[in-house]
Amino acid sequence: MEVSKIDNVIEQYGAKESALLAILQDVQAEEKYLPKEALEYVSQKMGIPLAQVFRLATFYNALSLKPRGRHKVDVCLGTACHVRGGEKILDKMERDLGVRVGETTKDKRFTLESVHCVGCCSLGPVAVIDGEVFGRLAQDKVPALLKEFK
Amino acid sequence: MIPFKIDGQPVEGREGGNVLEVAMDAGIDIPHLCYHESVKSYGACRLCLVEVARRGKSKMTTSCTYPVMEGIEVFTQTEKVLRARRMIIELILAMCPGDKLIQDMAGGMGVREVRFKQEDKDCILCGLCGRVCEEVVGANAIQFAFRGDRREMIPPFQGEAMSCIACGACVITCPVDVIRMKEEGDERTIVRWKRTLKMKKCKVCGNYFAPWFQLEKFKEQAKLPKDFFDVCYTCRT
Amino acid sequence: MKIQTKNDLEKTREEGLKSLYPGTIKISVGMATCGLSTGAGKVYEAIEKEIGKAKVPIRLERTGCIGFCQREPVVDILEPGKPRVFYQGVTPERCGELVEKWLENRVVEDLLFCKMEKEDRILEGSVKDYTIQSTPAGIDGTPNYHQVPFYGKQLKIALRNCGFINPDHIEEYIARGGYFSLYKALFEMKPEEIIEEVKRSGLRGRGGAGFPTGSKWEACRKAKGDRKFILCNADEGDPGAYMDRSILEGDPHSVIEGMIIGAYAIGAHEGFIYVRDEYPLAIQKLKIAIGQAEEAGLLGDNILGSGFSLKINLFRGGGAFVCGESTALMASIEGKVGEPRAKHIHTTESGLWDKPSNLNNVETWNNVPIIVSRGADWYSKIGTAGSKGTKVFSIVGKVKNTGLIEVPMGATLREIVYDIGGGIPDGKKFKAVQTGGPSGGCIPESLIDMRVDYDQLTEAGSMMGSGGMIVMDESTCMVDVAKYFMNFLKSESCGKCTSCREGTKRMHEVLTEIAEGRGTTDHIELLKELGWVTAEASLCQLGATAPNPVLSTIRYFQNEYEEHIINKRCPAKVCRALLRYRILSDVCRRCGKCIKVCPAEAITGKKKTKKEPGEAFKIDAEKCIKCGMCFEACKFEAIEVE
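Chains as they are written, first to last, in our numbering: chain A, 12 to 161; chain B, 9 to 245; chain C, 261 to 902.
Careful: at least some of the hints might be erroneous.
Listed below are the simulated DSS-like cross-link pairs for lysine-lysine, each with C-alpha atoms no more than 30 Å apart in a straight line [claimed, not checked]:
(1) C:K361 to C:K278
(2) B:K129 to B:K48
(3) C:K856 to A:K83
(4) C:K660 to C:K615
(5) A:K152 to C:K868
(6) B:K48 to C:K615
(7) C:K788 to B:K108
(8) C:K596 to A:K47
(9) B:K227 to A:K27
(10) B:K211 to B:K234
(11) A:K161 to C:K853
(12) A:K158 to C:K856
In short, the hints are calculated from the structure, not lab data.
Make the full structure from the sequences, and use the hints.
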């Protein structure tokens, strides 16, 4: 974690309370998650109590305090995908990856998350892996799909 | 002073005040948990519900957040209000079945059974400890974290509350007494926040009277001389 | 190019018209998120390659979502003198054929969707005739855009530009009438007149609650204070709803123009657009649009030389559904968590940083320029007595034509689901439509002829919400739907007030008991009581509307709940704990496929070989985890679910 990178982000937005969320999002973009030291540094540099920074970091879904795997798998559990069997896809991923939703595989290859609606409802059930949308999924398509991501 | 009515009784409130504080002053009992006069109204527990009639319209709302307004009519014992309060206390009791205050309040409202799976939490999530720490003490050591059914009041990273000055304000304010403070030898611990601080000894009477860390903070913020706290409060007076 | 006079605006319009209708062939690819997710990006690249090979000049453009998401990627070709053609389901491999055939004045018939000879220019109240001089071969029999059932019954006001302009080209927006309403508002109308016009139009908030927009503006204008804020709620959080996203990706200027007009009417000089973190393309398009508007002098200091100034900032959300609530949204902008506060004092008086603030939804803002240009009289003729104008809906789920549609208020559910939506696929039976997202409810078949408007939906136990419409058929379990929404709400609740936090949690708990076969006859009453206290005692509208999915499904589908509770059966065959997977021994061919895929090793049996008949295949109910893999793998339909 480079302190100078965090300084740059804070300077870009200004060290004001209203910029805290944006600053944390940008700091996270560097590390893929928010290490404890990063939050402590932001708190100290901006003069915002650590308890308040921690509150923000745990409130918003976009912010993660846990390290993530190389590939992020977001299974859509929006209503349309749910009605088309999205839960079954999530369960298959959990079985195949050996983790529960929200966790990262031991080899740090995948982080499995669920998301509510990516807006591709006509393709449901959908999963987004590393930002790419994979639609019209079925349980038996999952192993081949996951294989694509090293 | 702004005149209005509670349960038909004429009362008066100051500008910017809330209905609950006026009711309490007037001796009208409205159950509440998350309200405390030293901090801003929050409206989290939902127990202090009342019905307020204004300009021909009536709605159920929390009395601690409802502003004093001329001509409003407040009703604290309607069937709707009592039904809602009973359900709220049942939900809190299901969350914290071991809290004596909640058991007593529930009993007092006629709640005999809890129809939900009982959890084993003790904190009722009223937020008073965190709010007092922020608004009154200014230490900002603890805050709510997470969201929804995972919400809890904890120090950052669920570790030791590093900004805590062990003043004990949260201990006194907690309505269900689940924050404990203990002193052993020259150490004071706020158990819930895992905070143990060494105490300073008075040069005169030799008693441990306050944590070093706390006194250093006060000196820093109030710009006091270095030896200001060498003598304890009692001995200074 | 700085626009400082009406003349400048007219000049830019001319430029835009040349861009919209160039003298050459123009090919447009729908590149909104739905298009991109079906491969529109690769289609774009493929067409680019073909254009490189072609001997005549061809313009390639990106455009927004035209609404028929089921048929994406969508490509349209426009050439002077010919009808405009729309292709659907285009793949990169077919692009060569598309371009080649067009250059031979032919169409690719199996990909052709519809043709257009006249283009609606509803903002200006005109129609652009393509003046057909020749028709490509193969086009006979292709329906016109307005004849296609999906489009024929729609009235595109909010979606007026989506799919017809490149949102990154401000000139194209201006060419179709954009920013002329702003000019009219700034120079031909007084702020009070604008508010009066919006009031008379009957426009109601499109974000969900349906509060009369004009009255909100008036309250904010009257509020005391010199510093006021204009806000746009683009935190579209309802799962299954993406109307706002499409407007922001396809026509961001419509929202900006609406906000400037509103800011002028209210007297605000600073604004924020709060966009959901999950919409990166929308954020990008807004950034470009705001930049272009500022460059043109349509945003910033001294707009169009009127003396009025407005700065609009973008705020990116952090992934929290509750931030769609007005006070939570404002708290979020202030740098705090999205915890709502009591609204005894309205946000129009004391909102963002305790200043008077006017918050409206994306679609609401988008409607403002057209109310100014066509007038309240025209606008109020559309819709019903209590709900004027149109509404954009995202129609998804168990319906043939999924996508984005816009209909006048008062259209019936039957028209929407069957005429526009095409009905239920696979010969299944319609069961319900869920509207209003997690704050709404399910409308059953018995109400299929109801007219869709704010008040009718609320009366039926649902609400308009942001416009998500999820169609459900006989294979959807209503108990499961209620459980699904409670699961969503209990984790999206900010958790501040006891009634919402504990209420949603316990409703989910009870629904889980029912779905897993442990329901008791008391549970329905318990759900109603929990629903009552959550609705009545909660601080904000998330809590107040949270019980709707539960209460509406109990109201219309109580028998389904009873089946789960009394008979421990799930009629729709969804609730796993109540299912049993069985192999039909007389149908089973003993191929062994099911054993291969079963993750729980719950199937026993011997494969049939040339020499041996094998042994009967059986599923051990104790080991079976009801994943359905065997059911999906069996080619002989030998596995039954009950």
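- Of the hints stated earlier, which fail here? Result: hint 4 breaks, nothing else.
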